[in-house]
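Trainee: Residue strings, one per chain:
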Amino acid sequence: MKKTVITVVGQDTVGIIAGVCTYLADNKVNILNISQTIVDGYFNMMMITDTNNSLQPFDVLAEGLEKVGLEIGVVIKMQHEDIFKSMHRV
Amino acid sequence: MINLFEVRETNKMIQENNLDVRTITMGINLLDCCGADVDQVCNKIFDKITSYAKDLVKVGDDIEKEFGVPIVNKRISVTPISLVGTSCCKSKEDFVKIAHTLDDAAKKVGVNFLGGYSAVVSKGMTPSERLLIESIPQALSQTERVCSSVNVGSTKTGIDMNAVKMLGEIILQTAEYTKEQDSLGCAKLVIFCNAPDDNPFMAGAFHGVSEGDAIINVGVSGPGVVKSALEEVRGKDFEVLCETIKKTAFKVTRVGQLVAREASKRLGIPFGIIDLSLAPTPAVGDSVAEILEEIGLERVGAPGTTAALALLNDQVKKGGIMASSYVGGLSGAFIPVSEDRGMIEAAEMGALTLEKLEAMTCVCSVGLDMIAIPGDTKASSISGIIADEMAIGMINQKTTAVRLIPVIGKKVGDTVEFGGLLGYAPVMPVNQYGCDALIDRGGRIPAPIHSFKN
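Residue numbers (my numbering), protein chains in the order written: chain A, 1 to 90; chain B, 1001 to 1454.
A hint or two may mislead.
[What the hints assert, rightly or not] What follows is a set of in silico ranges between Cβ atoms, one per label pair, in the way DEER data are often shown:
# : chain 1 : residue 1 : chain 2 : residue 2 : range
1 : A       : 57        : B       : 1108      : 25 to 33 Å
2 : A       : 55        : B       : 1304      : 56 to 64 Å
3 : A       : 59        : B       : 1321      : 31 to 39 Å
4 : A       : 42        : B       : 1180      : 48 to 56 Å
5 : A       : 57        : B       : 1322      : 33 to 41 Å
6 : B       : 1326      : A       : 57        : 38 to 46 Å
7 : B       : 1348      : A       : 70        : 53 to 61 Å
8 : B       : 1176      : A       : 40        : 52 to 60 Å
Simulated from the structure, these hints should not be mistaken for laboratory data.
Virtual Cβ for every residue (Gly too), placed ideally from N, Cα, C.
From just these sequences and the hints, can you work out the full model?
Mentor: Right, here's the structure in full:
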């Protein structure tokens, strides 16, 4: 299974998780793990997801998430898990 | 499982510290394009490059999107054209024809540079290699994306001083032919000693004869990441300093390894090597000079610069070597003047001189790179500078290179604008005393002794 990491960074506000999760549910992306914290008033969230059953290809999903981010006022990035694994795991 | 801290660290490197993969370079063998008729050879070259590399740019862009790491350049290197043209090129114009074909192929597949308009003449030159070298000024002034290199020496063979003499004149001619663009042609011409066969970086990349039919080589970068990591350990001793550089280099290289493997898989072409180089750009926070200053220099060029650079280069290799299964190419810190904001500033204020740059090249890759000199510099003086740099490479068993730009119509203190990744540079002074008698001797410098190292 190819896992995808979604990061959300921005000013804390109501409905960030709801907005992201709704978009993911609509596109059949399964959420495996969520961790979230507030650093210096900034909302930081990371989701590990499984996009294998998604209706959309990777780049369309990533663009859609970017748009969701723009609407909420946060920056959303979607990346394959491999870049983090290769950098931080020997 | 990956945690939030690690994800933030990686993304901070990309977003704030300019972490990127500098280049995916596809090496393509063109020896099977040889033939007796130059037009037919050109057709075969065009067909082979455009079929092998047709997806190169797309695959690079896809990987960039999926992993979220910028892949700045997609490039191609080919077999030295002096070899490909041996059978069919009877004149300089025939070689220039091939240069145009290479340029057209590069444009068709969308790569910004294609290297390999090259000759390897470390001991002597064949008639076709001589023709290719003579055609360089025309080729570089009439094409946009073709890069040229000439290897004039090696530790095993010594230095071909006839070629060194010739290239002093060729560099000046190239400058003259491209004087309307601040002699930009010279930025696409590198003179090497001990040139590697698998270098992915331009302008010196070519696909050496020791390589297979096609290969994917990747150059990583990340001066900004190293600089930022070193800011955290300001004032700490050398052990801490070195550990920090090693760890950072490891992380940067792992990204390169991932991208290389992925590109190789998607393109169906074997993975060659990762080039562990710190390659700067003129962007703010992407400078090797700034790392040296973070290590403790007031300005790059100050006493201590060579030691700081030696340390940096060595730790980058130590950290990077374990992160990749195959390391090759140039693998070292690059110190191109015009492409590094810290270098430019130091040169402008007189902290950094040509002589200090030469000393720095003894301990790092790759050589006197992207240095603007006055347009009225004598050809013999340029040859002298090349000879000095080649001697450093020959004796120290390392790759060294010279990419000088004698800017026609400009004098010391003027600024030259090359644009884009090539940056801008102040024209630096060259020693006014001549070396004509040395260069006029002709012949070659013998290979050095391999024992009694002092």
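Trainee: For every hint, state whether the structure bears it out.
Mentor: For each hint, the structure was consulted:
{"no.": "1", "hint": "A:57 x B:1108: 25 to 33 Å", "in the structure": "holds (26 Å)"}
{"no.": "2", "hint": "A:55 x B:1304: 56 to 64 Å", "in the structure": "holds (59 Å)"}
{"no.": "3", "hint": "A:59 x B:1321: 31 to 39 Å", "in the structure": "holds (34 Å)"}
{"no.": "4", "hint": "A:42 x B:1180: 48 to 56 Å", "in the structure": "holds (50 Å)"}
{"no.": "5", "hint": "A:57 x B:1322: 33 to 41 Å", "in the structure": "holds (35 Å)"}
{"no.": "6", "hint": "B:1326 x A:57: 38 to 46 Å", "in the structure": "violated (31 Å)"}
{"no.": "7", "hint": "B:1348 x A:70: 53 to 61 Å", "in the structure": "violated (41 Å)"}
{"no.": "8", "hint": "B:1176 x A:40: 52 to 60 Å", "in the structure": "holds (57 Å)"}
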